[in-house]
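Full structure from sequences and hints, please.
Given next are the chains, with one letter for each unit.
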Amino acid sequence: MYEVKLEAFTGPLDLLLHLIHRLEIDIYDIPMAELTSQYIDHIHAMKELELNEASEYLVMAATLLAIKSRMLLPIHEGEMEEAEFEVDGPDPREELVTKLIEYKKYKEAAVELKELEENRAQVYTRPPSDLSGFVPDEQLALFDLNVNVYDMLSAFQKLLRRKQLKKPLSTRVARQEISVKEQMIAVIDSLKLNGGKSNFSDLFPYEDKSTIIVTFLSILELMKRHVVFVEQKNNFEDLTVTLQKEATYDELEQFDGQN
Amino acid sequence: MNLNSLMAKIEALLFVVGDDGVTAKQLSQLLEVDMMEIEAALSELATNYSENEERGLELKTLAGTYQLTTKPELADTIKKLVENPNSQVLTTASLEVLAIIAYKQPITRTEIEDLRGVKSERPIQTLVSRALVQEVGRAEGTGRAILYGTTKEFLNYFGLKDLNELPPLPEGTTVDDNEETDLFMTKFQEAFNSKE
Amino acid sequence: MNLNSLMAKIEALLFVVGDDGVTAKQLSQLLEVDMMEIEAALSELATNYSENEERGLELKTLAGTYQLTTKPELADTIKKLVENPNSQVLTTASLEVLAIIAYKQPITRTEIEDLRGVKSERPIQTLVSRALVQEVGRAEGTGRAILYGTTKEFLNYFGLKDLNELPPLPEGTTVDDNEETDLFMTKFQEAFNSKE
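Protein sequence lines, in the order shown, are assigned to chains A, B and C.
Once you know that position 251 of the first sequence is 251 in the working numbering, the rest is easy, because the numbers rise by one and skip nothing.
Once you know that position 24 of the second sequence is 1024 in the working numbering, the rest is easy, because the numbers rise by one and skip nothing.
Once you know that position 74 of the third sequence is 2074 in the working numbering, the rest is easy, because the numbers rise by one and skip nothing.
Treat the hints with care, since some could be wrong.
[What the hints assert, rightly or not] In silico lysine-lysine, DSS-like type, Cα no more than 27 angstroms apart, as pairs:
1) K2060/C - K2025/C
2) K2025/C - K1152/B
3) K105/A - K192/A
4) K1025/B - K105/A
5) K1080/B - K2025/C
6) K1161/B - K2080/C
7) K1025/B - K2080/C
[Stated by the list, open to error] If we take Cβ atoms under 8 angstroms as the criterion, some of the chain C residues that face chain A in the derived model are:
8) V2033
9) V2082
10) T2092
11) Y2103
12) L2115
13) L2163
14) L2166
15) P2167
[Stated by the list, open to error] Stretch by stretch, here's where chain B covers chain C in the computed footprint (C-beta under 8 angstroms, at least three residues):
16) 2065–2072
17) 2116–2128
It should be emphasised that the hints constitute simulated quantities derived from the structure, not laboratory data.
As the structure is a computational prediction, the values presented were derived from the model and not from experiment.
Glycine residues also receive a C-beta, built at the ideal position from the N, C-alpha and C atoms.
Right under this line is the structure:
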């Protein structure tokens, strides 16, 4: 029904902005009934996820309902005239709109930061040279007194980045590519070894990312073919992978075309 | 000092200090040359790098210091050799929190959460641990909440010379934040409570 | 490939690899250019450095490995960087070692040096003499190397109550792969849930 994944939102305001954009709503004149119902539909889709933020999404739903009901309050005969003249009267939506607009500014600023982050990642620096050879023996230097614990953390961060730079070329070239088909067989073999059942995470004893990806894809493929069955007993528990039937090599062979 | 020899010395120093960078003032003290001359040599160096296509380097001001970096158009080549130091990019939530801190610093966690309408402890923790934000003081009043601000590493990470280089905050309706937020929170609470 | 653009790429690569250097063969593989062209570009680069007196760098060959270094005649200038009392270079070294000890204690000198890729005896000595770090035991195994840890004075210096007050390191900085796996688990669960 909804193509949008709820995990994609950073909070209730983010979800509201998304809906306002998608429904092409004028943010200064929000049709509360429509927005509220769409919002609540999304919340329903979310209930299974048991997110930490669920309560915050619910509070927002309550607020939307409250605003909506305030706008629906019948205007009595006597007040009608007054209401017509009172153009500047408080709009129940005002606070929400102010909040959305304020939040939107920072959301857009975050997009600009993302761009800066990408640009910065295009240029490389080098670590400072080792100058210990130049240091006279008697000189023992220490940082000045303005150094704080965060400077120390920064030093550590820099170091970590530097270490990534030192990874030798050889680890990234000439890596043997493993096919999904081969990995499907490896997964089945590993399940057989464990009596036909295994924890999902135990199927990933690999260090390098591409093997992990291929293994993941191969499990998806096995699921699709009903060769394995995957279940989760409780939220956040590890998944259990169970071998349902044994796929023949001929059957796996068919995968080549797509690989 | 002769400009050429000054440029050579500066280039050598920039090379040696690496990503620690060096300020024009430090260069002036080290080389015992006045700031005017240093600035002139630095600008000449920068031009040299950018105009000569056989050069792979450029001069950048990051977090207030001059540093040598590789040219951005060579990124694809370098990527083949080394891992990108900034490969662990920040999540949308972290970037959102970081934007709020960058533009509104010093700011408390509660203020950030009011603005975003969502708990923000985890993104803040991530940002602190990545040395992009730090505690810059304590708010007045009860609780003395931690005030957050950005670090030098923040400037470095986003390739900024200083905070003034941050892109201007997108326009929105300007409101007196605190008052508005307080009012909103009160109403919010009322609405919420009335549901229970 | 055009010679100028090849030179720029090589300069950038040499800059980034630092003291590790890179062989002509590696360059040839990486840039997908034959050895002849690589050698020609390297020799052109070397000439450029040595003939232009405004350049502070030179190309050095050591056992078939090429690396950039500063020109020997600029050694005095670089020495000043170290002799300067406010020298950041030394600050950085001792701060870095302190950071490693603080976050990874107990740790041996060899482990510190592996992490930094640089000899670290001097900064450790400095920190010990300032009572910020101390010997906290001996490693198992041959050699029984000294294990270093931080002191009370360290906590005092940074205004910390205890080590738990150190800002946390990002999750997964030590083991990138775990984080990657978590990501896949999340994606997997999404895919899994959507199948139902």
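Each hint tested on the structure:
1. At roughly 16 angstroms between alpha-carbon atoms, K2060/C and K2025/C fall within 27 angstroms of each other, so this suggested pair holds.
2. Distance check on the hinted pair: K2025/C and K1152/B sit about 39 angstroms apart at the alpha-carbon level, beyond 27 angstroms; violated.
3. Annotation: proposed proximity of K105/A to K192/A is violated, straight-line Cα distance about 55 angstroms (limit 27 angstroms).
4. At most 27 angstroms may separate the alpha-carbon atoms for a hinted pair to count; K1025/B and K105/A exceed this at roughly 37 angstroms.
5. Of the pairs offered as hints, the one joining K1080/B and K2025/C holds, with about 15 angstroms between alpha carbons and a cut-off of 27 angstroms not exceeded.
6. Between the alpha carbons of K1161/B and K2080/C the distance comes to roughly 26 angstroms, so the proposed pair stays at or under 27 angstroms and holds.
7. Proposed proximity of K1025/B and K2080/C is supported: the alpha carbons are some 14 angstroms apart, at most 27 angstroms.
8. This hint is violated: V2033/C has a C-beta 16 angstroms from the nearest C-beta of chain A, more than the 8 angstroms allowed.
9. Given the 8 angstroms rule on beta carbons, the hint for V2082/C holds: about 4 angstroms separates it from the nearest Cβ of chain A.
10. Against a cut-off of 8 angstroms between C-beta atoms, the interface hint on T2092/C holds, since the closest Cβ of chain A lies about 6 angstroms away.
11. The criterion of a C-beta within 8 angstroms of any C-beta in chain A is met by Y2103/C, whose closest approach is roughly 6 angstroms, and the hint holds.
12. Residue-level restraint check for L2115/C holds (minimum Cβ-Cβ distance to chain A is 7 angstroms; threshold 8 angstroms).
13. Using the Cβ-Cβ criterion of 8 angstroms, the hint placing L2163/C at the interface with chain A is not satisfied: the shortest such distance is roughly 11 angstroms.
14. Restraint check, L2166/C versus chain A: the minimum CB separation of about 7 angstroms is within 8 angstroms; hint holds.
15. With 8 angstroms as the threshold, the beta carbon of P2167/C comes within range of chain A, its nearest partner Cβ sitting at about 5 angstroms, so the hint holds.
16. Coverage of the segment 2065–2072 of chain C by chain B holds [criterion: at least 3 residues with CB-CB distance below 8 angstroms; count 3].
17. Only residues whose beta carbon comes within less than 8 angstroms of a beta carbon in chain B count, and the segment 2116–2128 of chain C has 0; fewer than three means the coverage is violated.
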